Amino acid sequence: LTGQQGPAGSGDIGGIDEGTSDYLRQFWSAQELSTDEALTNWTDPGIRDWHNMNWNSNNPLITGLYSRIYYEIAICNEFIRESSDEKLAARLSSEDAAKVKQYRAEARFLRAVSYMHALDLFGNGPFVTENDPVGFFQPPYYTRPQFFAFVEQELTALAADADFAAPRSNEYARVDKAAAWAMLSRLYLNAQVYTGTARFTDAAIQAKKVIDAGYALNTTAAPNVASAYGRLFLADNNTASARAEIIWPVALDANKTQSYGGTTFLVNGSTGPNPEWQKATGQTTNWAGFRTTKGLFNLFADTALDTRGRFWTKKVDNSKRSVEIADHYAFEDGLGVLKYRNVSSAGVGQGGAQNFSSIDFPMIRLAEVMLTYAEAVTRGGTGDANLALTYVNQIRRRAYAQPINTASTIADVSSLSLNFILDERGRELFWEGYRRTDLIRFNRFTTSAYLWPWKGGVKDGKAVSDNLNLYPIPSSDLSVNQNLKQNPGY
Amino acid sequence: QTGSLSGQVVDEKNQGMPGVTVLIEGTSLGNSTNSDGTYSIQNVPAGPHTLITSFVGFNSQRIPVTVVAGQNTAVTGITLGENTTLLNEAVVVGYGTQRRQDVTGSVVAISSKDFVQGQVTNPEQLIQGKIAGVSITSGGGAPGSGSTVRIRGNSSLNANNDPLYVIDGVPVDKDGISGSSNPLSLINPNDIETVTVLKDASATAIYGNRAANGVILITTKKGLQGEKLTVNVSSQTSVSRRANTYDVLTAQEYTDLVRTKGSASQIARLGTASTDWQSEIFRTAATYDNNVSLTGSVKNVPFRVSYGNLYQDGIVITNNLKRNTGSVSLSPVLFDNHLRIDVNAKGSQVTNRFIDNGQVGNAVLYDPTKPVRGSESQFAPFGGYFQYLQPDGIPVGLAPGNPVAALNNTNNVSDVKRLIGNVQFDYKIHGVEGLRANLNLGTDIARGDGNTTNSSQDFGNYNPKAIGNANLSGRYTQFNQKKDMRLLESYLAYARQLGGTKFDVQGGYSYQDFVNKGDNFLAFRSDRTTLFNPEDKLTVPGYYSKLVLVSFFGRATVNVKDRYLLTATWRNDNTSRFRKGVRSGQFPAVGLGWRIKGEEFLANNAAISELKLRLGWGRTGQQDIGGVYDYLPRYSLSNGSGQVQLGNGTTTTLRPSGYNRDLTWETTTTWNAGLDYGFLDNRVSGSIDVYERTSRDLLAQINVPAGGNLTNQLNANIGSLRNRGIEFNINGSPVRSADWNWDLNFNVAYNENEITDLGSQKEGFVGYSVGGIPGNTGSFIQLNTIGAASSSFFVRKQVYDSNGRPLEGVYVDQNGDGIINPNDNYLYKQPAPKAVLGFSSNVAYKQLNLSFLLRSNVGNYTYNATAANLANLTNAQGSTAFLINIPSDINNTGFTTQQFFSDYYIQNASFLRCENITLGYNVGKIFSEKANLRLSAAVQNAFLVTKYEGVDPEISGGIDNNFYPRARTFTFGLNLGI
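For the protein sequence lines, the chains are A and B, in the order given.
End of the first sequence sits at 490 in our numbering; the numbers just go up one at a time, nothing left out.
End of the second sequence sits at 1978 in our numbering; the numbers just go up one at a time, nothing left out.
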């Protein structure tokens, strides 16, 4: 959410349009619009910089994302500060205090995730905890390895914290130790990028803990509405079967949690004006914002078999859309993506009169952790290579609508390579906010090793400067915090 | 033992003045003068008395006389002068009055006879164009719409830049109330006697805390002691129509354009109608303004009561304002003239029906080939109005609504009541000559209620799930607001004359609190029972805030031989807006005056009738920013649609808000030097002032170091801002004769505004963006940055071809990096005028008079947002399901896509406007000499000269979007005094 009044009207942060300021909206944009998976024709200030890869330290969206991450950190700090043991003892009964301690642990988790986003997106930046004052205090500057150490320490501590729920023991949409393990596995998978030191064994260990905690891939389709995979992204993905796979969702409701970000942004933004398209996504409006490049489309060998490859191929007049994008800013060029759909598994649109979304956004789900295990082992981490292959094949069998524990001739692969895993992550996790990080880990984000349409603002794509692997510290913060240093190249 | 008095009252031309009230002070003895100006009063007790002569528009005189028992005492030499030319005129200053010649600050008073004529709905319009350095920009043509009043430019960036209004000694809440777009529109201009503007700090500092932007003192009409009972009836009828239209393509031009440039699917969407949408929403509107007042004196108690009724239709359909106002003033004098009590009460009740200005914008852009109404069955759920619908009858997402339908299907009404009242006791303390105590108790109570109903046929609130049950469509919202202000002020004043030196000392205390409260409401469907959002719930029933200001103030004046003048004031203010320790502000000021005319070498100079030099310095404060509790840590509760899901349930959240514990006073230091002059018996008079105002500890919204607070931008005291300027004003009476009189006034003010500090601004950080623009969410066109005027435009430099046509997308590459992006933006022009001019003339020939007022702003630029957003071919394509009309500016540019940031759209908005032309005829005595009748005819906004290409260049803030055009108004009025 972006403020105290849904969908807008009492925003948390300034300097950016409230609807635009949503955490998920800008996090997703930073991770997806900058890659082969998505591009936009919108004209919002700064939004075209993502795909053109020509952002600078005054980009209002990067500034908004940065402000949102540090806003999240600040309110987590406030919660932790106001729920110290002494304050709880003075203010609450011991029964209530125990509940609040659990919330406090969850606030620490959320803060660690925000710092992980900061370290992934911006690398370096200000560091502030509950022990700092609220005012115009200038927080000290932390480098990427320092952030890494802090996040690792926090998540590790939470994984051992009695106040933090055991796996699968907490309420829906609240986090537990499995979420901490999953975030650690994601952190370790990228440790080489973040610190220069590889931690693949640790990544595999943490991933395995999550996988063994009792979660299960969703294998139940919604007949005539969605495949087992597609069901993960429906409005009722908070209900059984889909729920068993989603370890940590951002829970959203069309009526109770309204904003112009979250999955409302994803659904409406990826829907075009074709009425049939709107029916498919369950909305009566369209923001006509995002399409994808052939980079994503070509990952799928056969979209008839692989249920993950669902694209919208019709223009408004029902003529065929081209996969090629002749005009970067023509919404009718390129394919639409049909992933987030605001319909129930019975096929009923959930947007209501106001077209908000009820889809819960999966921040962590089992398939991602399984792919992390596979990649960590394939990259040389200590682990079970056969198990890694099994995990990947289970994911693929589900995608091909096959029984997941039975070998499948159409779905299975016989061995894993790193390139294959990157592509499999693209197929399984596209538009879920992983792509930029994945491409950087595979050294393909800025380099000429992989060029996608309109990368760097040219039709066939071009390599861009390596400094773009980090986003710039916004100049607005550099101006008011003398401790900060700009990232190289900006 | 009694005697009698007699004499004659003459005007400055030595003509006898009929109808002048002559009264013995402290008694009910009096008379009024005959047609030749003579009078006599019988049965006057013997002894010393004070004779008071008064006549509206002229300065009252007090003459000491001694009546001898049994004799007639002839009183000689009573000459009444018109108010403006008399140096003895009392000028209202803060907490008292001063003689005009004693004033050391920059103070301008305009009295009722110099007010702007015609249909004046809001008090501030009375002085528009009359005072140098006072810029008044109305918010548009809607009845009662608010004005932006700026005295000597903006002194603050994010804090309030409005002047303080003091009505009959009561500093009123200027922030308005829900349901009224202009709090001043709740005051009937007909009740106002004078408007006095205090411009420089040496005059305003006695109002310290809220005086940084000048003070406007409004004095209402009152009864005079001993005055005959008079009834005054005025009635005005006006007709208004739009003075200008947005220049857009006609249906034919548009069709031709789409046929040549559009795609097949766009051509297919063209309609066959020819609709001028602006003609459909604009109308010729009538206004009726009737006022009656009763003035007189009953048993030593002078009084005035008045009632006014205004009915004003806006020039956009459905827009209307109805106002009832009443006022009562009593001013009894008791205890042998020692206690004077002033009781004032002004009440008003206003009913508004507002329009959404966005519909003016929709009338500009709506496809002219579409009809207003359609007979097809798909339009039936929309009241038969044409709308853009999908094949299944659901509105096309993002399509504009039919503006005629939107106006007729929306009923946004409010009912606002306001009562401003005070009782002021002024007691000359018995036994101590020159000592006076004053107590002022006042209140300002406002109540606003309103609701907006979008009918079930409204396009924008259509509920596709409500088919078959119209009551589940539409939208109904309500609001209310209650504001209570209480005031207690008290001071002691002591005046003494020692030889040629006069002293005045006063000291006082002021307590004022402002309570603002109201209820929160949920939004419903038009059945008013079904929730608009079925899950919404009222988490917070209402809101409440209270602001308290406690102040101590003092003033000392010294007048040596009417030549050397010193005024020193000091005020200490404490506001509950800041925390203890930083909530106290000290605001001193000093004014010096040298009345050169009083020196011997000029005393007998007939050519120079007045010459006075003034020098003033003072500091004023500003605390009006943000909310009332911004220095405190607060938590706010979310509403029903802003909940968070935990488990399978949801819960509202408490959000900690950002706060700045160190928020404190912004101070503005003003230097002012002025010269008042008068030549040839004040046939030519005026003044010239130069000033510099520097605001320090500027209250501005700045970035917080990330993570350092509970939000990312907060108000803080940072930076400084400077205004420098010069003002000149001249009044002349080129012709003064028995039959002919001609008065002229010209004023001009030049102001330069510059931000001199905004805290740390590292290289690469350009400044704070302001001025959001339409069509591109999150985009800003203006910038606050060091070295530039506040809200300077920050745009790209357009490149033109050899024919002077702008080249699309071609801009000057300011940083030479080969890419055109926001880094190539440059600062270009400012929205505030550099110079503001006013010129008025009044010619009278016998009973006929003709006056006019011209106003001009120079150096102000306006962003033509309408053209920037709409005048391009991409926009005409609208969406795949609808078309949008194009402003004719497309013919000048040929742009295919929106060029929001081109400086081509920053247009010179300097203008010359004829605000008013009035022809009056004084019929004179009718009904056997018992009544006086005056007739007048006026035209307002008679003409406008400008290079600006939009509908009106005079846009406060400089971003022209959805502007409700100002009307041209023709008024016929009659005024009957009995």
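Don't take each hint at face value.
In silico DSS-like cross-links for lysine-lysine, where the CA-CA straight-line distance does not exceed 30 angstroms [as the list claims (entries may be wrong)]:
1) A:LYS99 <-> B:LYS1797
2) A:LYS459 <-> B:LYS1947
3) B:LYS1797 <-> B:LYS1222
4) B:LYS1222 <-> B:LYS1537
5) A:LYS459 <-> B:LYS1261
6) B:LYS1222 <-> A:LYS314
7) B:LYS1261 <-> A:LYS315
Hints were generated in silico from the structure; no laboratory data involved.
As the structure is a computational prediction, the values presented were derived from the model and not from experiment.
So, going through the hints one by one against the coordinates:
Simply put, LYS99 (chain A) and LYS1797 (chain B) have alpha-carbon atoms about 60 angstroms apart, too far for the 30 angstroms limit, and the pair is violated. With a C-alpha separation of about 43 angstroms, the suggested pair LYS459 (chain A) and LYS1947 (chain B) falls outside the 30 angstroms cut-off, and the hint is violated. For the given pair, LYS1797 (chain B) sits about 58 angstroms from LYS1222 (chain B) by alpha-carbon distance, which is inconsistent with the 30 angstroms threshold. Between LYS1222 (chain B) and LYS1537 (chain B), the direct Cα distance comes to roughly 51 angstroms. Violation of the 30 angstroms bound is thereby established for this hinted pair.
Using a Cα cut-off of 30 angstroms, the hinted pair LYS459 (chain A) and LYS1261 (chain B) holds, with the two alpha carbons roughly 26 angstroms apart. For the hint pairing LYS1222 (chain B) with LYS314 (chain A), the CA-to-CA distance comes to about 77 angstroms; that exceeds 30 angstroms, so the pair is violated. A threshold of 30 angstroms between alpha carbons decides the hint, and for LYS1261 (chain B) with LYS315 (chain A) the separation of about 21 angstroms falls inside it, so the pair holds.
The structure fails to meet hints 1, 2, 3, 4 and 6 from the earlier list, while all remaining hints are met.
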